[in-house]
Amino acid sequence: MGDNILQINVEVEENTTIVVPSGDIDLSKSGELRAVLQQILIEAPSKIIVDLEAVSYMDSSGVATLIEAFQLSKRAENDFVLCCLSDGVKSIIELARLDQIFSIHPTRDDALES
Amino acid sequence: MNTERTTTQFTIEFPISPAWFQTIRRLMSTSSKQCGFSDRDAGQISMAVDEAMANIHKHGYQLDKSGRVTLQVTTHITPATRIDIQLDDETEHVDLESIRSRELEDIRPGGLGVHLIQTIMDESNWSKRESGGVRLVLSKKRKNHPHMKSVKCEGTHG
Numbered sequence: 001m002g003d004n005i006l007q008i009n010v011e012v013e014e015n016t017t018i019v020v021p022s023g024d025i026d027l028s029k030s031g032e033l034r035a036v037l038q039q040i041l042i043e044a045p046s047k048i049i050v051d052l053e054a055v056s057y058m059d060s061s062g063v064a065t066l067i068e069a070f071q072l073s074k075r076a077e078n079d080f081v082l083c084c085l086s087d088g089v090k091s092i093i094e095l096a097r098l099d100q101i102f103s104i105h106p107t108r109d110d111a112l113e114s
Numbered sequence: 001m002n003t004e005r006t007t008t009q010f011t012i013e014f015p016i017s018p019a020w021f022q023t024i025r026r027l028m029s030t031s032s033k034q035c036g037f038s039d040r041d042a043g044q045i046s047m048a049v050d051e052a053m054a055n056i057h058k059h060g061y062q063l064d065k066s067g068r069v070t071l072q073v074t075t076h077i078t079p080a081t082r083i084d085i086q087l088d089d090e091t092e093h094v095d096l097e098s099i100r101s102r103e104l105e106d107i108r109p110g111g112l113g114v115h116l117i118q119t120i121m122d123e124s125n126w127s128k129r130e131s132g133g134v135r136l137v138l139s140k141k142r143k144n145h146p147h148m149k150s151v152k153c154e155g156t157h158g
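First to last, the protein sequences are chains A and B. Every letter in the first sequence is one number past the one before it in this note's numbering, and letter 6, counting from 1, is 6. Every letter in the second sequence is one number past the one before it in this note's numbering, and letter 133, counting from 1, is 133.
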């Protein structure tokens with residue numbers, strides 16, 4: 001079997017919370033990202049950034065997790081931003097035609113300034 | 001005499017537990033690249049199989065990790081680079097009519113798997129097996145020229 005380990009770091013800069021997952025986000029791991037995002041959504045920072053540079057693969061359950069957090073942030077009138085998409089993540093975001101829905105930035109600095 | 005092998009086939013049977021998915025993705029990626037697909041295509045073929053496995057696990061076996069699937073992969077190098085994938089399960093209650101892509105304009109979590117499979121692969125065909133269960137046949141050719149896509153759901157086949 002695989003050795004899929006997902007590590008999720010959370011950093012706080014003023015009113016922005018930056019979520020930095022590392023590893024593959026598939027059906028076996030998307031629940032871990034969802035739990036972290038749900039906790040952050042309760043704390044309601046004005047902006048959540050998800051830095052996806054170290055996520056080489058994401059499946060539709062990972063995308064569903066991002067859509068849910070995006071919609072809950074929007075409802076609370078807070079920002080939900082993605083940055084540093086790896087090729088693997090970019091691929092599924094484009095196939096799902098979500099590249100025009102999510103706010104996506106090439107670097108974390110761009111995401112912080114957005 | 002030309003002894004170069006142009007067709008390779010392997011079969012693996014495994015429990016449809018998400019703990020296996022990363023291993024199967026790596027296997028699919030390696031097989032796809034070895035027969036000539038680009039890294040990008042190989043990643044997407046892996047994704048299509050991953051989404052198919054997730055659907056079998058969630059909807060077919062209803063999260064029962066002891067459910068089994070048989071994956072058969074045939075790769076062709078000549079006359080054109082092509083990969084044929086067959087996933088057989090033993091699920092009994094799946095309604096083939098319910099296997100369909102949803103409208104992407106409806107932005108909501110879930111329901112993307114079939115869309116991804118049908119978008120990535122040239123052919124995706126779900127059918128009932130005579131011996132019980134569902135067979136999913138996937139096929140993709142390396143793109144050298146524009147080609148048609150076929151997507152269909154059929155009735156009873158072995």
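Honestly, the hints are just simulated from the structure, not real lab data. Note that this is a predicted model, so its numbers are computed, not measured. One or more of the hints may lead you astray.
To be verified - Calculated Cβ distances over 12 Å to all of chain A for the following chain B residues:
hint, residue
1, Glu-13
2, Asp-39
3, Met-47
4, Asn-55
5, Ser-66
6, Thr-74
7, Thr-81
8, Gln-86
9, Glu-90
10, Gly-113
11, Glu-123
Unchecked claim - Straight-line Cα separation of at most 30 Å, DSS-like style, residue types lysine-lysine; simulated pairs:
hint, chain 1, residue 1, chain 2, residue 2
12, B, Lys-128, B, Lys-58
13, B, Lys-143, B, Lys-33
14, B, Lys-128, B, Lys-65
15, A, Lys-90, B, Lys-33
16, B, Lys-143, B, Lys-65
17, B, Lys-141, B, Lys-128
18, B, Lys-33, B, Lys-58
19, B, Lys-33, A, Lys-74
20, B, Lys-128, A, Lys-90
21, A, Lys-47, A, Lys-74
22, A, Lys-47, A, Lys-90
23, A, Lys-74, A, Lys-90
24, B, Lys-58, A, Lys-90
25, B, Lys-143, A, Lys-90
26, B, Lys-33, B, Lys-141
Where a beta carbon is used, it is the ideal one built from N, C-alpha and C, also for glycine.
The output says B:Gly-113 does not contact chain A. Does that hold with a beta carbon cutoff of 12 Å?
violated (5 Å)
Please work out if A:Lys-47 and A:Lys-90 have their alpha carbons no farther apart than 30 Å.
Holds. A:Lys-47 to A:Lys-90 sits at ~21 Å (cutoff 30 Å).
Beyond 12 Å from chain A, beta-carbon-wise, is B:Asn-55?
Since the minimum Cβ distance to chain A is about 9 Å, B:Asn-55 lies within 12 Å and the statement is violated.
Compare the distance between the alpha carbons of A:Lys-74 and A:Lys-90 with 30 Å, and conclude whether the hinted pair is satisfied.
Since the Cα atoms of A:Lys-74 and A:Lys-90 sit roughly 22 Å apart, the hinted pair holds (cutoff 30 Å).
Per the stated criterion, does the least C-beta distance between B:Ser-66 and chain A lie above 12 Å, as a non-interface residue requires?
For B:Ser-66, whose nearest Cβ neighbour in chain A is about 14 Å away, the distance exceeds 12 Å, so it holds.
Would B:Glu-123 pass as off the interface with chain A, using Cβ distances and a cut of 12 Å?
holds (17 Å)
Restraint status (C-alpha distance of B:Lys-143 to B:Lys-33 at most 30 Å):
Given pair B:Lys-143, B:Lys-33 holds - Cα atoms ~14 Å apart, limit 30 Å.
Is the claim that B:Glu-90 lies outside the interface with chain A correct, judged by CB distances over 12 Å?
B:Glu-90 is indeed farther than 12 Å from all Cβ atoms of chain A, at 20 Å.
Can the restraint linking B:Lys-128 and A:Lys-90 be considered satisfied, given a maximum Cα separation of 30 Å?
Violated, at about 34 Å.
When you look at the beta carbon of B:Thr-74, is every beta carbon of chain A farther off than 12 Å?
Holds, because the least Cβ-Cβ distance between B:Thr-74 and chain A comes to about 23 Å, which exceeds 12 Å.
For B:Met-47, which was marked as not at the interface, is the minimum beta-carbon distance to chain A over 12 Å?
Contrary to the label, B:Met-47 does not stay out of reach of chain A, its closest Cβ about 7 Å off (not over 12 Å).
Would you check the hint for B:Lys-143 and B:Lys-65, treating anything up to 30 Å between C-alpha atoms as holding?
Distance of about 36 Å is beyond 30 Å: violated.
When each numbered hint is compared with the structure, violations occur for hints 2, 3, 4, 10, 16, 19 and 20.
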